Amino acid sequence: MSNPLVSILVITYNQQDIVLDTIESCLNQTYGNYEIVVSDDGSTDATPTILRELKTLHPNAIKLVLNPENSGITANCNAGLSACSGEFIALMGGDDLLLPSKLSEQVTAFQNDPELVLSYHPCHVLRNGVMSEVVGGRRKDVVTGFLDVVGKFGAQMPGPATMVRSSAIPAGGFNDEICTASDWLFQIDVSSQGHVARIDTPLAIYRQDLTNVGQRYFSYSDDFLKTLTIVEERYGSRPGIHSAVRRGARRFLLGITYRALEQDRPDLAVNYGRELTNYSPKFVSGAVVALARVPGTGSALRAAKSFLKRYV
Numbered sequence: 001m002s003n004p005l006v007s008i009l010v011i012t013y014n015q016q017d018i019v020l021d022t023i024e025s026c027l028n029q030t031y032g033n034y035e036i037v038v039s040d041d042g043s044t045d046a047t048p049t050i051l052r053e054l055k056t057l058h059p060n061a062i063k064l065v066l067n068p069e070n071s072g073i074t075a076n077c078n079a080g081l082s083a084c085s086g087e088f089i090a091l092m093g094g095d096d097l098l099l100p101s102k103l104s105e106q107v108t109a110f111q112n113d114p115e116l117v118l119s120y121h122p123c124h125v126l127r128n129g130v131m132s133e134v135v136g137g138r139r140k141d142v143v144t145g146f147l148d149v150v151g152k153f154g155a156q157m158p159g160p161a162t163m164v165r166s167s168a169i170p171a172g173g174f175n176d177e178i179c180t181a182s183d184w185l186f187q188i189d190v191s192s193q194g195h196v197a198r199i200d201t202p203l204a205i206y207r208q209d210l211t212n213v214g215q216r217y218f219s220y221s222d223d224f225l226k227t228l229t230i231v232e233e234r235y236g237s238r239p240g241i242h243s244a245v246r247r248g249a250r251r252f253l254l255g256i257t258y259r260a261l262e263q264d265r266p267d268l269a270v271n272y273g274r275e276l277t278n279y280s281p282k283f284v285s286g287a288v289v290a291l292a293r294v295p296g297t298g299s300a301l302r303a304a305k306s307f308l309k310r311y312v
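By my numbering, the letter at position 309 of the sequence shown is numbered 309, and the numbering carries on one by one without gaps.
For the record, the hints were derived by calculation from the structure and aren't laboratory data. Please note that a few of the clues may not be correct.
Claimed, not checked - Using 20 Å as the maximum straight-line C-alpha spacing, the simulated EDC-like pairs for lysine to aspartate or glutamate come out as follows: (1) Lys-63 to Glu-87; (2) Lys-63 to Glu-35; (3) Lys-152 to Asp-200; (4) Lys-152 to Asp-222; (5) Lys-152 to Asp-141; (6) Lys-152 to Asp-45; (7) Lys-140 to Asp-45; (8) Lys-152 to Glu-275; (9) Lys-55 to Asp-21; (10) Lys-226 to Asp-200; (11) Lys-152 to Glu-232; (12) Lys-55 to Asp-45; (13) Lys-226 to Asp-176; (14) Lys-55 to Glu-24; (15) Lys-55 to Asp-17; (16) Lys-152 to Glu-233; (17) Lys-63 to Asp-21; (18) Lys-226 to Glu-177; (19) Lys-226 to Glu-275; (20) Lys-226 to Asp-148; (21) Lys-63 to Glu-53; (22) Lys-63 to Asp-113.
Claimed, not checked - Between beta-carbon pairs, the in silico distance windows are: (23) Asp-113 to Asp-267: 41 to 49 Å; (24) Arg-138 to Gly-72: 29 to 37 Å; (25) Ser-71 to Glu-232: 27 to 35 Å; (26) Asn-60 to Asp-222: 37 to 45 Å; (27) Leu-5 to Ser-219: 31 to 39 Å; (28) Glu-232 to Pro-100: 37 to 45 Å; (29) Thr-229 to Ala-46: 38 to 46 Å; (30) Cys-179 to Asn-14: 12 to 20 Å.
All figures in this text were calculated on a predicted structure; none of them were measured in a lab. Glycine included, C-beta positions come from ideal geometry on N, C-alpha and C.
Please take these sequences and the hints and turn them into a complete structure.
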């Protein structure tokens, strides 16, 4: 088989303490035909300096896109995407780490299925400096196609897990109607063009900082719901899409309600629970709102979560 070029797209912003490890994990791949495209979103720390030094050391392997000002996640992703030349593109954040066989195993998956447009795998989680669980490996969450990508929100495809076929990327890349959390819509658009498959082996390390993950998730909520609106408008003629959109909304809203209670934000939990009434049986949304209104019911909602998910 041939060795097609793979672009590793790394998105960075103010990651001076960890970006060197990230790029080194890209350079340590067992697969030989790759380029590393780093798109930096106007970092104000030493990240651009470190990237220039790495470019000097590895001039043939690294491409730099150094944006002079911060333009936001979606715009930065598109700036990097436009610089990618590979037949396949692996996506990751500037704080993630790739395991050595990642590119090799995903390229093999693409070569074995000419209709494959999105490959993903589980990831180890590095949480506040401690290696914890593996995400994305649960059997019930496996994603096998377009409708699953829409309907299984929360099926755990972290950023460094995905590789896509370049020819399946929509003309506009990441949709700029979604300012921040545009990766889900990007995955949906790509998956609409062909097959999706999971490799069962963890092939990357996803770094997670618990000090702000909850607040960041809340700030993205409008982006997630807007994504579903766009999907229903764009793909409304496809069989099964309306059910998939409603399922995706229910999974998202139940998950974010749970997070709000974990973060001691019953006000948000009640609001998200009410939004569930647009997508869920009334007894599900009613139960969530009732629990959210009672102080100290985070543990009760955790206990109820598995039961409620039968209906989402």
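Discussion item. Checking each numbered hint in turn, tell me which of them this model violates, lowest number first.
Written reply: 6, 7, 10 and 22
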